[in-house]
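For chain A, the structure is supplied; the task is to place chain B on it using the hints.
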Amino acid sequence: MSNLHELYGRRGRIITDQDAQEISRVEELAYDLKICQVMTSQVKSVPPNISISNVLEILRLGRISGVPVIADGALRGILSIEDIVRAMEKNELGAPVSAYMSREVVSVNGYDPVVKALETFSEYRLGRLPVVDEHHQLVGIITKGDITRGILTALQKDYKEEELRRYRASHLFDDITSDRTSLILRYNIRARDYLNGGQASSYIKRALLRLGASPQLARQCGIAIYESEMNLIIHSDHGGTLRVQIEPHRILMQTTDDGPGIADLTKALTPGWSTATQDVRDMGFGAGMGLVNIRRCVDKMELDSAPGKGTRLLMEILLRPEDRFKEPADPEATL
Amino acid sequence: MNTKELAKLINGDILTPEIPLNREIKGGCGADLMSDVLASIKPEAVLLTGLCNIQVVRTAQMADVRAIVFVRGKMPQPETIELATREQIPLVTSPFGMFELCGRLYMAGLHSFETPLPNQDENVQSA
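As given, the protein sequences belong to chains A and B, one line each in that order.
Its first residue numbered 8, the first sequence is counted upward by one per residue in our numbering.
Its first residue numbered 276, the second sequence is counted upward by one per residue in our numbering.
Hints listed in this document are in silico derivations from the structure and should not be mistaken for laboratory results.
Among the hints, a few may not be true.
[Said to hold, decoys possible] Some but not every residue of chain A turned toward chain B, in silico, with C-beta under 7 Å:
1. Tyr38
2. Asp39
3. Cys43
4. Asn116
5. Gly205
6. Arg226
7. Ile230
8. Met290
9. Gly291
10. Phe292
11. Met296
12. Gly297
13. Ala313
14. Gly315
[What the hints assert, rightly or not] With beta-carbon atoms standing in for the labels, derived distance ranges:
15. B/Glu293 x A/Ser60: 30 to 36 Å
16. B/Asp288 x A/Gln206: 52 to 58 Å
17. B/Glu293 x A/Pro278: 37 to 43 Å
Yeah, the Cβ is synthetic: ideal placement off N, Cα and C, and Gly gets one too.
Chain A on its own, in the form it takes in the complex (with noise of 0.2 Å):
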């Protein structure tokens, strides 16, 4: 993770989760991306026995700074501007390729991926590397903007809708105005349908996230409302209902059913007690630290329930200023 560590030391600042998602995401892409799928595989290059000031012109009209040398279709060497620079101080623009043209060329592998190119740029301090297939043949030429370009198209293409979710979804607080906005979803749960558990948790924790919530928020909210879902799955008789109010300065979750309902409530509370089945238990729920758990993830809990009667969760978690959804500015503040 140097890289964070040099994007702190240069910018000076705290790198914040955002950056750090954006951060290992072009990290994983260096590591995903292959340097074939990134490289500019229509390679100019020139035979050995041309004259300089023939590359020189293939340079100028191509706007390009160096060409790879081929002779019997092996790499043979590489010509870039300082290697002409070097003939014109002797006046030797004349002489034939092979006597300027740099024999120890380093190369990369097309199916290397795009981190072992930035490796080898910096160990060499080299801005272009021509890329060679398993049998030595060249096949393309990269360089850092090759690779800067296909990052950019990757990031866009894999994140261009769930970026245009999230943005929209992001501003959903900010374009409305109102004296109080909130955004509701609602879930019913079935009993003991432990196939699809946790499927409205993880829709929850996915809107929030694309609401703009941070991450630690998000996993916050999504395990206390995980465990409450279980625990209607696990616990009511028909199942009920999972309510998330989202607001700008809170989240409210609320949990419904119509039954059993809980005897004793100063026990339910305990670290451990559990009145879950075998069954569960083998699932690995039951251990009775649900409610302890939501206990702990959240800034308000309420449990409010009789046996026959059904029991109600209800859960609040205020939000950090930094944490809050953005709201318009106020009109009235500005007249």
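Frame of chain A; chain B shown alone:
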């Protein structure tokens, strides 16, 4: 280390070939009770577990787990693999038991990402 390096250390088989394995794993947590996982695991850890059902993946998703390792060569059901693939959480199965796995990973420099309970003596748990 990343998931690929981790799988190598524990003779693991990758069960989700479509997911990239290069995300950094910052610590580890071993548990068979999902509430324990939700209560204690820090984000970006690997979860070692003997449970194979779909709820393991849901739990991992809620807790921002980076990879799941099934102990003793356990194989999850197809729907578990399907959900993990959809949610981009790599699954690995290893022939070793929980103790051996924790030991191997700890020796390789992966530290505990299990937070102690707030009411517990910190000296007991924090390494």
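Here's how the hints hold up against the structure:
1. At a threshold of 7 Å, the smallest CB-CB gap from tyrosine 38 of chain A to chain B is about 4 Å, leaving the interface hint in force.
2. The interface hint given for aspartate 39 of chain A holds, since its Cβ lies 6 Å from the closest Cβ of chain B, which is under the 7 Å cut-off.
3. Restraint check, cysteine 43 of chain A versus chain B: the minimum CB separation of about 18 Å is more than 7 Å; hint violated.
4. This hint is violated: asparagine 116 of chain A has a C-beta 18 Å from the nearest C-beta of chain B, more than the 7 Å allowed.
5. Satisfaction of the interface hint for glycine 205 of chain A is found here, the shortest Cβ-Cβ separation to chain B being roughly 3 Å, below the 7 Å cut-off.
6. Taken as an interface hint, arginine 226 of chain A checks out: its beta carbon lies about 6 Å from the nearest beta carbon of chain B, inside 7 Å.
7. The interface hint given for isoleucine 230 of chain A holds, since its Cβ lies 5 Å from the closest Cβ of chain B, which is under the 7 Å cut-off.
8. Interface hint status for methionine 290 of chain A: upheld, as the beta-carbon distance to the closest one in chain B is roughly 6 Å, under 7 Å.
9. Nearest Cβ of chain B to the Cβ of glycine 291 of chain A: about 4 Å, under the 7 Å cut. The hint holds.
10. Of the supplied interface hints, the one on phenylalanine 292 of chain A holds, with its beta-carbon coming within about 6 Å of a beta-carbon of chain B, less than 7 Å.
11. Against a cut-off of 7 Å between C-beta atoms, the interface hint on methionine 296 of chain A holds, since the closest Cβ of chain B lies about 4 Å away.
12. For glycine 297 of chain A, the interface hint holds, the least distance from its beta-carbon to any beta-carbon of chain B being 6 Å, beneath 7 Å.
13. Interface restraint check: alanine 313 of chain A against chain B, minimum CB-CB distance 25 Å, threshold 7 Å, status violated.
14. Checking glycine 315 of chain A against chain B by beta carbon gives a least distance of about 27 Å; that is not within 7 Å, so the hint is violated.
15. A hinted range of 30 to 36 Å for the beta carbons of glutamate 293 of chain B and serine 60 of chain A is inconsistent with their spacing of about 53 Å.
16. Taking 52 to 58 Å as the suggested C-beta distance range, the pair aspartate 288 of chain B and glutamine 206 of chain A does not conform, at roughly 27 Å.
17. The given range of 37 to 43 Å is respected by glutamate 293 of chain B and proline 278 of chain A, whose C-beta atoms sit roughly 39 Å from each other.
The earlier numbered hints that this structure contradicts are 3, 4, 13, 14, 15 and 16.
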